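Sequences listed follow chains A, B, C and D, in order. In terms of this note's numbering, the first sequence opens at residue 1 and continues consecutively. In terms of this note's numbering, the second sequence opens at residue 1 and continues consecutively. In terms of this note's numbering, the third sequence opens at residue 1 and continues consecutively. In terms of this note's numbering, the fourth sequence opens at residue 1 and continues consecutively.
Source of the hints: derived by calculation from the structure; they are not laboratory data. Model, not experiment: these values are computed from the prediction. Please note that the accuracy of each hint is not assured.
Straight-line distance between alpha carbons at most 27 angstroms, and here's what the computed DSSO-like set of lysine-lysine pairs gives [unchecked claim]: (1) LYS146(C) to LYS221(A); (2) LYS288(D) to LYS346(D); (3) LYS22(A) to LYS220(A); (4) LYS954(D) to LYS201(A); (5) LYS792(D) to LYS8(A); (6) LYS51(A) to LYS27(A); (7) LYS954(D) to LYS51(A); (8) LYS954(D) to LYS65(A); (9) LYS792(D) to LYS51(A); (10) LYS8(A) to LYS870(D); (11) LYS5(A) to LYS868(D); (12) LYS8(A) to LYS27(A).
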Amino acid sequence: MAEEKNYKIIQPDNSEENKFLKPENYKREVTAPDGNTFIVDPLNDYFCDAKPQPHAPNTIKVVEKFLNWARSQSIWVLGFGTGCGSIEIYPLMTPRFDAYRFGVQQRPTPRQSNLMIISGYLSVKTLKRAIRSYEQMQSPKFVMALGSCTINGGMYWDSYNTINRLDHYMPVDVYVAGCMPRPEALLAGFMELKKRIREGKGEGANQYAENFDWYKANQKKIIKDWNMPDYNW
Amino acid sequence: MKIVYVLLGLFIIINYGLLQAGVLRRITARVGKRIGVPFYQPYIDLIKNYAIRSQFSHGVMFYLGPVFRLSGGVGIFLFMPLIFGNEIFSNYSMAGDLILIMYFMFIGMLGMALGAGEGGHPYSIIGITRGLSQFTTVEVPFTLAVISIAIQYQTLSITEIVAAQQGGIMHWTLMTNPLATGAAMLSFLGMMMYAPFNVVNAPQENPLGPPTEFHGTFLGMLQTNRVILGVMEAILFMNLFFGGATNWGILFIKAFLIYFYPVFVGAVFPRYRIDQSIRWFLYLPTALGILAIIFI
Amino acid sequence: MKEIINNIQEKFKISEVTEQRENQYFISVEKKDTIQLVTYLKDIEKFTNFILLTAVDWIEKGQFQLTYMLNHPSKKLDIGVRTFIERENATMDSAHHLWEHVATFQRELKEMFGIDFPGSPRVDEPFLLEGWDNIPPMRRDFDTKKYSEETYFPRPGRSTNDPAEHMKKKLYPNE
Amino acid sequence: MVGPIYIIAISLGTAFSLGFFKKANRNISFGLMFFAMAFVTFISGQWLYAFLSHQQETIQIFTAGFKPPFSISLQMGFHEAVFLTMINVLGLLSAIYLFDHLKEKGANMMMVFMLLFMGLNVVVMTRDIFNLFVFLEISSITLVGLIILEKKQDAISSGFKYLIASGIISQILLIGIIAAYYYGGSLFINDMVDSNLLFVKGGSVAVFLILIAVVLELKPFPANGWALDVYQSATPGIGAIVSGAVATTSLFILYKLLPIGGDAWLLPIGITGVISFLGSNFLGINQKNANRILGYSSIGQVGLLMIIMSLSKDLGDKFEFVFFSILISHYLAKAGLFWISGIINKDEIGQWNIIKNKPGLIVLTGVFMLTLLGLPPFPSFYGKWELIMNLAHSGNFTWIAIILLGSFFEAIYLLRWFGKTLMNNENSEELIVKFHKIFPAVISSFLILMFSFLTARWSGLMSVKYFIPFAIALLLFALDFLPVFIKNIMAIATVSWYSYVLIYQTYIPENDILRIIFGFIFLIGAILLLFPGFTFKGKRRGFYPLVILMFSGLAGLIEARTTFQFFFAWEMMTLASYLLIIRGKNAKKTSFSYILFSMAGAFMMFIGFGLAYFETGSISLNALADVLIYANWVYILVAVGFLVKIASLGVHIWLPDSYTEADDDVTPMISSILVKSGVFGLIILMLSMSLKNAASSNIPYILGWIGALSALIGNMLAIYQEDVKKLVAYSSIGIMGYILFGLSMMSHLGWLTAISYSIVHFLYKALLFLAVAGIIYRTKTRNIYEMGGLIKRMPLSFISVLIGIITLAGMPPLVGFAGKWMFYNAVILKGWYFQGAIVFFSGIVAFLYCFKLIHNIFLGPIKDNHRKLKETSVWWLIPQFVLIIGIMIISVYPKIILEPIGLYLSMYFPGEGLVWAGTTASTSLGYWDATQIMMVFAGMFGVIFIILFLMSRKVQVVEQFNIVFQAERPERPETTHYAHNMYAPYNKALGFLAAPFITNSWEFIYESFHAIGDQIRKFYTGNGQTYALHIVMYVVAFYLFINGGF
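Using the sequences provided together with the hints, build the complete structure.
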């Protein structure tokens, strides 16, 4: 494509907040077909920056109970391996463990998933991606964290680059301990999660929305090059 | 009054379709030596999706796309006579014939394409282009088969085609026009988009294809449509080639068996690449279709 | 292998030769000769396979030790070229013109040790650490435990034992 | 009355008296010469007027008091008067043109100039063959003198070549005259004619020598290298004299002397003409030098006139009309082109684009070239029509084929030249046009226009009402200085008036369904498509006259009752659309292929009409039905013309580029309206021919296959296009193939489909092109992958395109489905299963590009530079929404168009039609109820939408890049929009179907023409001796031919 460049990149000033801005996020002066020019700021213009809102459960108790039951029986897992534990997830779907029995299915897109499995240690870089994916899931959504790394840092507890406590960055419903937990432990984790959902305790999404500022502050504390909108719709 | 019966029919079809989908998934799991999902899993998935609390929209067409899609599916239901000899369940089949139903399928495809397009995800578009590309050649043998049976029965009205097949298995198109049936059943594989022709959604490769961006109620609508569409296509083939149905029982059995066939093939065969599958339909199935017209 | 070492010694000023295994040698050379030597090894002696480039922080000496590991694919020989560079304002000549993937190693070293390789492609882009604003973490004067505690919300109640201390206490409680 | 002898006296007197002035005062000498020329012209004009207005008798003037053969006698008759006037008018204009040239060279040159015309005048008038020889020599020498006085090296060398050649020729002539005198005893031409010289012993040799000399004087191909060099190297002003005056005179000599040879000489002359006509026009294709091309064309034209002369018996009383209309138009046009060439002063035709900024010069060039081509309304058109028709009447189809082939060759190079003239000009060189140089050309073009009117009236084929469009066009042309807004209103008013008169006042009372439908498409469509014109700024010079001409051509088509009217309207519409297309910025190359294909098609049609005339002796369109013996031929030939217009497979290559490069508002006009003229033609043709003639029954079958394959290939190609206009253009090929297929089924349902689909295609194709053009108007790009996400900026355009593609794809509930449904029924009832299957396949392939169109423009992420776009201008939207309303109405209630068409068709195809019960249409196969479907669909859609709305009222509206991403998020719209090469896998699977082998084969043919031409051209070495040898060899060959040596 021999495409004429119809834009001009505006170099950002050297202020602190622009320190980690990547070139593709620089503002640019764009020439419209009619010759007018205007500024496009990728970070503001390409993304919706609305904050998440908590969604109240259904006011009718019975209905909510029924829906919670349905949610618990139909858990769609986001197939996004974040750490070493992702290798433990695949056997779940094989005949030996067959998580389908419990209504657990894998889904390749966050839009349709309900459960995000953080499978082990999270470096800061991965955390950023994990947050994006989590925010792209629709409420109600759940998080299951595998391994001691997500609980207290595990063997990476003093690493310069690995987080220690996942629940400071996103609400966690179930921790499955172990290094790494075996698929059986994961199945047990699913059972625990289902129980929680049925009890109406699976309100992680609302928790996240309600304490949004706190979570964001924690995330931003360690993710220094925050070159994305505050909430990834 | 008609509307009540139509809604009743729709209700039956949706429930039947959901149960059938669950049972078939369980059968597929058994083929893989798994236990598989409970047979009521499709219900739960559907309920769960309709119960998703937060939703977003990429724009008007993203919102309307699922409506179009479901309209396509329901439309096929509305214009399809279900039970032969039963005025109640002939729906609005007096408004159009076989051609109408063939072209009504496109409405749903267009809706999906527009919705996915407005979603703006490249994977969606890749899926859509694949789906459309494959669909062009899938339709060829089916068209030939339709022409063939239209010549055979000298009518395009589904009711009359079914009527002509009454009186035992030997009167079915399957027996009287096996070539057309063969061509159509091969293109049925492509229509149902199970393996080897499922490169459109292509899990693991092109995450989910067209509905990548859809979620919640939108996804629920797409799923509902998938249920209706699957059953209705099976019923279409039943009416055209397998003697139709004179009561709900026969309809359920025949539809199940017809639907089972692509699932079975899909459980056994691996996936074609898109250009392979485009070409495949122009070989054996089209040849069968041509023979069906020549030897009618 | 000996032969090769001899050849090298004839042509370059080699300060130290270590035989690790029969087919693996480490030779030390001055900073200014390093790239020349590596080029010689690649072009003349046919150590055409570049394995890695790594650094060691000798904080006591105020030096970084760089090691270029090369491999002779057909004779199955390995050779490591070691050199020492100053720790303050550490820079080294880039070798990306010999193998393209050297640039990646150099990028990593830049990030982890702060060793600059002027001219190396994308050397200033973050490699693993996005938005790192502290001193390079692999330098030994960087206290990773302190950093982690300050940054990553350590879970209270966690107790950690130094393995050496712990075993000592356990095995020799009286000492 | 001033006697013709004064022509000689005044010329001679002036020439000699000029000697006194010498260098004294050149202005006075020029004035003297000019007045002398003017007076001479006046004398000849006066005689012409006398002959035309009252029955002036031919007079003989005998010099020296004796009667012939003992004196030199002059004759002044009607023909002499015409020729003299032509020559002298040219002389006068040339004198004006050469004003500064003559002044510079002084009195000598003026003397030579005077003497040249004196010589030519006498040659025309004299009846004494020796006298003729003498004055011929005088004019040759003076001509050479004129050339040599140029004092340019190549001019001098070409002058000497001319001298060598004319020396040889005059030797031959002189020997012939001696022989004639020896055997016949008289040099008086009348005596020679009467004495049947041929039958006298040895007389045949004399006749041969005389006539061959005259033929050689006409510079026949290939013994004409000397003349071409003169054309090329002499000043164009002199070229004009050579081509206009000298060649005309030579023709008259032939005309005068031909009776000596009697009937036996007609055929040889004709064959000479054929060789000249074909040969020089063929070689002209490969030329790049403007003056040399004019030379070739001139020689070719003389060849044509020789052919006409030789066919004078067959033409009967139309001979004079044909001869003079062609002669005069060429004489004027050729001279005009030479003069323009002199103004431009560029040898290479590629450099002629410096007139780009001179609209007046462009118009003049256009008028002259189109006159040469014989396109309406120029006089040569009528001449050619009468020529071909009369030849056809007497069954001379070989001649017809030759004449049209030669004309086609001529068309190739003239149109290529015209295209180059309009090429974009990077060269900033300013062209200085002097008044005295442009004046003759202007006069000449006025004469052409006047003569057009005269010939039209004279031919008796045209009634005055056919001139109304030209009058309006001329009026608009005169008002070209007005702003676009006013002109557009005028154009709309004109077309509205037209449609009121034609449709409302004529067709609706007559209840002529076919004409109502096509009148509606052509004229109401024109009104709608003129609306976007309001968005254009500036003047749009030349646009509106052409638009009016095009639409009146279309109106003329439906009005036509005779083949002449049809052909006239057809050519006019083709011409106007060609000129409209060529206005586009990069449309030169593509419009060239458009006009070539159209011309070739038109010539085929022409032969077809001729053939029909031959058999039935009537030019009425209805008479086509009576053609029986040659039915197949007529059918094929005429159909080819229409197939070109609807761009069927094989002749489709002109279409995509022409659509693409034409102006944005011209494209919908051509694509949705103009192509329908082909459909209309086919309908007329098939109604009159296929129904009654069993002989033609195989042709529809072939047409059906052509249609099916066009549909397939058109649609296949459309899906790979990245240029949005090209995409829609290729889809037009597909749809036209579909309509052709419908027509060729020759059944009630097939025709119902085709005709109703013509309406539907008009609606949605205009809609799509308007929407697309509206988008291009804002985005300023045609590349589809450079758009995207525009639904948020241009929702109304989106609705248009959505409705357009739903209709195109034939989805229920919109009316496109009606076409598909009827089609299935028609195909199955007709039994064309496989063709039908191909058409259905292509219909589904259409989905691919439909989706590409709507997705790549409107969906996906919006590009940065389009973020602030506005919805397109209201002038683009108004016609779109009128069209949408149209589509919606017939979607809900298709009966309103289908029932009348069905009734109309049942006159021709009884039975097999649609049976209407309420809103349900049914055939023997199936049934379909559009209204009910629409209601059910709307109800269902509404209910589902309400359900969705109730369930998800609160949705967060997100931005373009809020799409799923798990690792790196998208950065730029260009990289995220999956648009470029969208159907790569499809290309991999079935791309071989879209290989451009047809385009390549046409290009191969064109290239081989050039290669052959190149080889033949080596024949002209530029060497005087070689040319002399050519002449001698030509004479020998001719002699052998005459005497049966071959």
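Which earlier hints can't be squared with this structure? none
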